[in-house]
Every structure is written in structure tokens, then in C-alpha cells.
Amino acid sequence: MLVLKGIAASPGVAIGPAVLLPGEHVALSRQYISANEIPAETAKFDQATRQTLAELDECEHKVHDTLGAEYANLMSTHKLILQDPAFHNAILHKIEHEQLSAQAAILFTLQELAASFHKIEDPFFKERRNDLFDVGKRLANNLSGDKNNFLSSVQKPSLLVAHNLYPSDTINLQEHKILGFCTDVGGKTSHTALLAQSLNIPAVVGLSTASKDVHAGDTLIIDGENGLLVINPDRYTLSNYRQIQRDIKKTEALLKTINHLPVITQDGHPIKLFVNYDPRTDKKENKHLITDGLGLLRTEFIFMGTPVAPSEDEQYNVYLATAKRFDMRPVTIRLADLGADKKPDFPLDEFDQDENPFMGCRGIRLLLKNPELLRTQLRAIIRTACEVPAQLGILIPMVSSVEEVRHVRKAYNEILEEFAQAGKRPVNKIALGAMIEVPSAAIALDGMISDLDFISIGTNDLIQYLMAVDRVNQEVAHLYDPCHPAVARTLNLIIQTAHKRGKVVCICGEIASDTKMLPLLLGLNIDALSVTPRMFLRVKNNIRNSDFEHCTDLAQAALLMGSSEEIRNLIEQNNRHENS
Amino acid sequence: MIELDLKIINQLGLHARPAALIAQTAGNYKSTIGLTKDGVRVDAKSIMGVMMLAAEHGSVLHLTAEGADEQEAAQAIKTLFENKFNEEF
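Chains as they are written, first to last, in our numbering: chain A, 871 to 1450; chain B, 19 to 107.
A portion of the hints provided could be inaccurate.
Stated by the list, open to error - In silico DSBU-like links for lysine-lysine, alpha-carbon gap of 35 Å or less: (1) B:Lys-96 to A:Lys-1299; (2) A:Lys-932 to B:Lys-25; (3) A:Lys-1239 to A:Lys-1126; (4) B:Lys-25 to A:Lys-1119; (5) B:Lys-96 to A:Lys-1142; (6) A:Lys-1007 to B:Lys-55; (7) A:Lys-1239 to A:Lys-932; (8) B:Lys-25 to A:Lys-949; (9) A:Lys-1212 to A:Lys-1194; (10) A:Lys-1026 to B:Lys-102; (11) B:Lys-102 to A:Lys-1007; (12) B:Lys-25 to A:Lys-1239; (13) A:Lys-1373 to B:Lys-48; (14) A:Lys-932 to B:Lys-55.
What the hints assert, rightly or not - Listed below are several chain B residues computed to face chain A (Cβ distance under 7 Å; list not exhaustive): (15) Lys-25; (16) Ile-27; (17) Gln-29; (18) Lys-55; (19) Gly-57; (20) Gly-67.
Hints are computed from structural coordinates only; laboratory data are not their basis.
Yeah, the Cβ is synthetic: ideal placement off N, Cα and C, and Gly gets one too.
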């Protein structure tokens, strides 16, 4: 038995035999051909090109239907690359004049193009290099052992192991008896992970060596809850996981029965439970969830993949549709948190020179340097509030000092005045809040709390900045630790400071859906949590099974502890106790 | 044959999206269309070729178009440059 630790990308547990996705490292079956084989080899290449184009077309449609236009654009770049004469002709030239096999011609052309791309220092181009390889490998695979044929050749329900799975592969998994998958590379927020979640397939990514450690036919357990891959489990582990699988099924059935019940602890302490909402992946079943509202609308998607900044009208339509979708319950709209890993295609001021983007010009910093961007978004939000009786909140991302809040407040008041002169007023007052994710804002929150109506804590970034750990950097990712004493103490400081002024605090990072961390958050007296629709009923169930007084004791104990280990032990012990 | 000098006036230069636009537009015409920068000539119908020019804001590209629809082709690409690839207002 071998256990690998990766990143939990999509929840659930899958058990079954392994199948390995071939073709990641295309092995040359043959390098040279003889002169009389040239026409046949050219025809083979043409056929593969046509097949690849048809596949990309099909993927584009599927991705469009599942995830929307933004992701579909990705596939159309792939089509352009495939049809690129430089790519196409270089391959044909190699077949005809160097008498290379179609396969060798494709691989050598890829390498040549990749080498010339490599010389360019621009991250835009580095990204395109991946696209090039996605297309090239797909093409090479269509010459020989075809990937799709491979998936359709899977006879019995299996777990897929791959070095890397492109979104275009993921979208096809469900029709092919694939119960779950794991990959060597990838992160929790990669397109592949998002797709797995929306398809309800358990997945673990970032396993580094899974595709080397697993052999076809091995029995695997993919534990999408804890991010584990178990290879050839012993009998004890296997029966343990079978039990967990049954429990998950039972819990899911149970969860459906608590939808209409209030979010309240066993001893009567109420909590507001919101959903993080993405209009692009809003499924039918989400609509049945009874929530307190929308805790976090990330608006970056409106700004991505478009050549010009989105207009007030475009944004207004999104916000209006969202307010209606939530039947005028509270909706918190986060101002665009652009910069860092979210770079739009349209030009912005103070943007290109970021050496250290997560510490650079992102969130409110970027908006203040591009005031028209900020004003357009504020106008679209205020217009929505004038039009319908929505309960809107505006959340400012990446606040580090009170001046930033005041700048936004000033712009907001000016626009409100413009609307007033046109005879328009918001039906309900709009709340203005700050996303606390920078330590300076947490520590000096007392200085800005009177300028704010509410507080949201973005725990993913807050922990990253508290620890000075880039979660994407595999060398240091293990230092990212929600159990670190600094996390509990900082959350406590934020909540206490806000409560002194009667302001509510909501947590909307991953930590909010973490079953083990929940008692700590409740005990710190958090007012509201915002979680993904998929986790919503689970978290609700956990809250309903908690005892607030007990959680308070646990939190007080944790605040006195000086190491991650102590806090982790405390939380684990509590978790075992709850489960028994 | 038509020859034109085109200056890149959009801030970000020829990154992926404008390159895609040029390749797509050029692909609509039968003429042979080339872009030259610093002695490197690429096929304007090739997205990767255009990207590899790595042309920045302020640089000048030399366009050649030859074929039945060279007039229209050159004009269409010139318009893209002049409109800053629809990136700025």
C-alpha cells in the first residue's frame, strides 16, 4: 500500500481499478520513412488534423455549455494554432523533404516552436506555449493510439491516472465510465478542478509522481475529501473507505432533508450562511438551496477574456440578474480583484512592471490607479440598487489602509450624488465593506472600522500573507497552515474589533467549508460564513450539530496555544470526539 | 504588390489577442500577406509567427500583400492597427 498526498480538487471518494492515460510522453514509434511512403504519411497527417479540429470544435461547444464563453475562448485559440500555416507547413515540409514520419515531424516542429517561444520573456507567450503543446499532443495522439478511443475502450468503471488532464479531456470523462481521476500537476482552482466539481467527479491533483507510481489495474482509492491517493490499499483501509463512501451517500441523502431548517447551533446560536456564487456554473440543484443570500460575488470574470473593459451596461446586466436570482436577499459584490493571477487583456495603468504580483498592484490598488474602472463598476452597482429593491453590499478587495476605504467611499458618494441629480436613489441603502486579507488591515482595523458597514475575511489570502507563503510554490506550500496560532489570533482580533463597533464579520475563504476548522470559527464568534453551493448543506449540517458553548471553550483554548501542532491536536481530538 | 508601414499604437503591443486577430483577419484573404520587423519576416496568417515578432508599443512593422485581393487585405489589417486592435477607446 502506498499513500500519496496531493490537493483535494473535487470532493467525494472513488474506489476502483486504475487506468493510465497514455500519450502524455509521446514515444517515437518510427522516425524516418521511405520516399514512396510520403503520400500516405501526408494523408495520415491531414486526417489527424481534421479529426483534431472536429474534436476541438466539439470541446468548444461542450465547454461553452458547461462553463460559458470565457473558457470556450480558450479552445478557439487552440483551433487557430492547429490551423496556423507556420505549424502546418513546417510539419508537411518535414514529411516531404526530410522524410520524417508524421509523428516525428509533429514532435520536432513542436520542439522548434517551443524553443523560439522560450526566448520571449513575456508570460503571455509562456502560456501560449502550453496551448501549443496541448494542440500538438492532441494531434500526435490522433495519429496513433487515440486518447478518445482510449477512453471509450475503458470497459468497466475505473479511476483515471494522468500526468496532466486538460479541460478538454475532463469534459469527456463522465461518458466514459471514469469514476474519479488524479493528476501529477494542477491546483485546486485550475479549470480542470472546477470542471470536476461541476461534474461531481472526485479528483485529487498535484500528486507529483502518481502517473509513475500507479500501474494499470492497480486498485486505487481517490480521496477527494482529504486530497489522498491510496495505491493498492490493504483490506483494512479498503473496508474503511467503503464505509466512508456509504457514509457520504447517507449524508447526502440526509442533507437534502435539512434544506428548509434554520442555520442554528444545538444550543440556539444563529449563524448566517451565504453562498459564494458564480453565475457561470449555477446549476439547477443550486436553485433549490435555501440560503441567507450571496456572500461573495467575484466579479473578475466579467473583466477577463475581453479586449475592452466591460461597460456599465454589461456589468449592470450581471448584477441585476444576480439580484433577481437571489430574490432580493443580500448580495455582496466584490469589486474586481484584478492583478496578481488575474490579468485582463485590456490595457491598464501601472500594471506591466509587477515583479511580485501578489504583493503588487492588485485589488483596490489597481482600481485606484484606474479610477474609471472603479467608477464604472460602482455606477453599475448603484444603478442596480436604484432599479430593484436589492440588498447590495460592495466589498473592497485587498484593503491595506483606511485611506483606500475613504477613496472608495468618496467615489461612491460622488456617484450617488450624480444619480440623485438625475432623480434616482437606491431603493435600499448599499452597504460598503472591506475584504480583510492583508495583515496590516487586520492589525489596524480599529482605525478603519468606523468607515465600514461590514467586514469580510478572505482567509485564503490572509493566511498566505500572514505566513508569507505562496501556495502555488510547491517548495513552500506545506507552510500554508490554517492551524498556525497567528491565524486564530488574527481572526479573533478582526472579529473583536468589528463587534466592538457593532459590525458583522463574514468568512468566505476555503476555511469556512472545512469541517474540522468550523468549531474554531464558531467559537471565535463569527457572524456569517459564505461557502460554495456544493458545500452549503454540509456546512449547515455541521453547524446544526455544533454546540456553541463548547466551540467557545475550544476557541479560547486555541488562542492560548503557541504552535500549529497544539492547535491541530486540539481540533483533531475535537473532531474525533464529535464523530464518535 | 502593396507595401505599408504600420506602427503599433496600442499600449500592450502584439500580445496573444491582437496576434490572433491579425491571423484571423489575414486568413480571410487569398493574398500572400507578410509582416517584417527587424529583418524577420513572418506570415501574417500564422498566429505563432505574428506573436514571435514580439512587437512592442511604438515599433513599426512592414506589411506586404500580394494577390487578387491585396488591396482589401492590406486595408483590413491597417484598420486593425489603427483601431488599436479594439483594445482602447
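Q) When the hints from earlier in the document are held up against this structure, which numbers fail? A) 1, 2, 3, 4, 5, 7, 10, 13, 14, 15, 16, 18, 19
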